[in-house]
Amino acid sequence: MHYLVSVIDDGQALAAGDDYSATPEEDAAIDAFNAQLVADGRWVFAGGLGMPDSATTIDNRGAAPVVTDGPFLESKEFVAGFWILDAPDLDVALKLGTEASKACNRKIEVRPVLAAPE
Amino acid sequence: MQEAITETHRTQWALVVAVLARRYGDLDVAEEAAAEAFATAVERWPSDGVPVNPGGWLMTTANRKAIDRVRRESKRDAKYREAQLVIDDEPHEFLGAIDDERLRLVFTCCHPALGMESRMALTLRMVGGLTVAEIARAFLVQEPAMARRITRAKDKIRLARIPFRVPSAEDLPVRVTGVLAVLYLIFNEGYLATGVDTDPVRDDLTAEAIRLVRLIRRLLPDDGEVAGLLALMLLTEARRPARMSPSGELVTIDEQDRRAWDSRLIAEGHQLVRERLESGLPPGRYQVLAAINAVHTSALEIHDTDWSQVVALYDQLAYLDPSPIVALNRAIAIGELDGPAVGLSIVEPLGPALEGYHAFHAARADLLRRLDRLREARSEYERAIELSGNSAQASALARRRDRLARD
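Residue numbers (the numbering used here), protein chains in the order written: chain B, 1 to 118; chain W, 1 to 407.
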């Protein structure tokens, strides 16, 4: 089963004055954590995200698509990156999430990815 | 007949839910099937008679109901099989198979990924077998709101795959602490009655919490904190008959009629505290709280209370739990041992942390009264009454205030 582990920025980018706010120490810890995920067969995918300002929101439910500059939700906290991890159950996912939070030095959120219908 | 059904419900409910949850990998199926089986018993037993093996009858009946439901569901929804509870089928050496089933259920209901309110509700429903209506009444919420809370919790267990298993030895201590916290909150919800009008139904909550801790104790007999929490609950519950005056006023421990205390519960609580002392192992928070309550319940008169013992235990508790509320209770005990002036000097610095807490002002008022600073005492009683969460407590405080004039 897959879990989405989102990295929550609650002021780090602002403090760093830069889109990419991770320090070299945090980068090194994330690399080590990622290597372990791959070795344990837990890694599916991961990536860092551009700042919310760089987002484009599209709503094409009406007659014509409405394209808006910016994220769908303006908030002080935002998702700065994510992992997709493979874990048998929430206990394992939470354990990995706990390590992830330590490695990236950010708050994280763990959410189940719904299984595809058969 | 009603008694046979009630007794079977009390002893078998959690086991039926636990076994079915494991077998079908779904708490919802298990709960519904168990409820239907008990409904069938209520319908049939009065005419057919109580089966020779009531537990076996219920398990078989509930299993049939579960099969029916799973057949219906699997036709409707193929992905249903995807969303199953993750089950660890390895039996644990220290437990029998039946105990293991129920313990899995307790740990799932008290999982740390669920909110505290959900954990309490789910535990009362799945392990305690209370109806949604009963739980709603106990927590003073509307039944549909409670039903939604329980459904949300079950959905999260299914969608996020909260596993149905006894935690690993490494995680066990933390997870047991989590379970005990849930049970202690359930007990306090029944005992402290936070509502404006105290609902008598809440006595059921204290009884249920005690029953659940007894179950956990049977499952984990060597855990000191489990024993400590059971002792703490028994020694608290023992005083309940003396805690409310006929006019519905809360009676504090120094004014309670100690002959009304339940001596059977006290004896059992004291025995547990003695066992823990004899173990020689360092006690946790619940064990120290139980020991404090053991000292109180050992005194036949308030004047016989061994306050030096109480203070020593509060010193120990303050070390384990350095919260301002523990510090306040320690200060009150010191006020009894070394006099009100000393007590007050320790209470005063807690003001910033406990300004909004009625017990802080009540304690301050009592100490000021004993120091003959009556005007200050009066305004502190007023403040405590304002902040008090329930009417029984407020009227007891008002009586203390009104007595100032006569003293």
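Please note that a few of the clues may not be correct.
What the hints assert, rightly or not - Derived DSS-like pairs (lysine-lysine); straight-line CA-CA distance at most 30 angstroms:
| # | chain 1 | residue 1 | chain 2 | residue 2 |
| --- | --- | --- | --- | --- |
| 1 | B | K107 | B | K76 |
| 2 | B | K102 | B | K76 |
| 3 | W | K65 | W | K156 |
| 4 | W | K65 | B | K107 |
| 5 | B | K76 | W | K65 |
| 6 | W | K65 | B | K95 |
| 7 | B | K107 | B | K95 |
| 8 | B | K102 | W | K156 |
| 9 | B | K95 | B | K76 |
Read the hints as simulated data drawn from the structure, not as lab findings.
Keep in mind that this is a model prediction, so the values were computed, not measured.
Hint check:
no.	hint	verdict
1	B:K107 <-> B:K76	14 angstroms, holds
2	B:K102 <-> B:K76	21 angstroms, holds
3	W:K65 <-> W:K156	24 angstroms, holds
4	W:K65 <-> B:K107	44 angstroms, violated
5	B:K76 <-> W:K65	50 angstroms, violated
6	W:K65 <-> B:K95	37 angstroms, violated
7	B:K107 <-> B:K95	14 angstroms, holds
8	B:K102 <-> W:K156	25 angstroms, holds
9	B:K95 <-> B:K76	27 angstroms, holds
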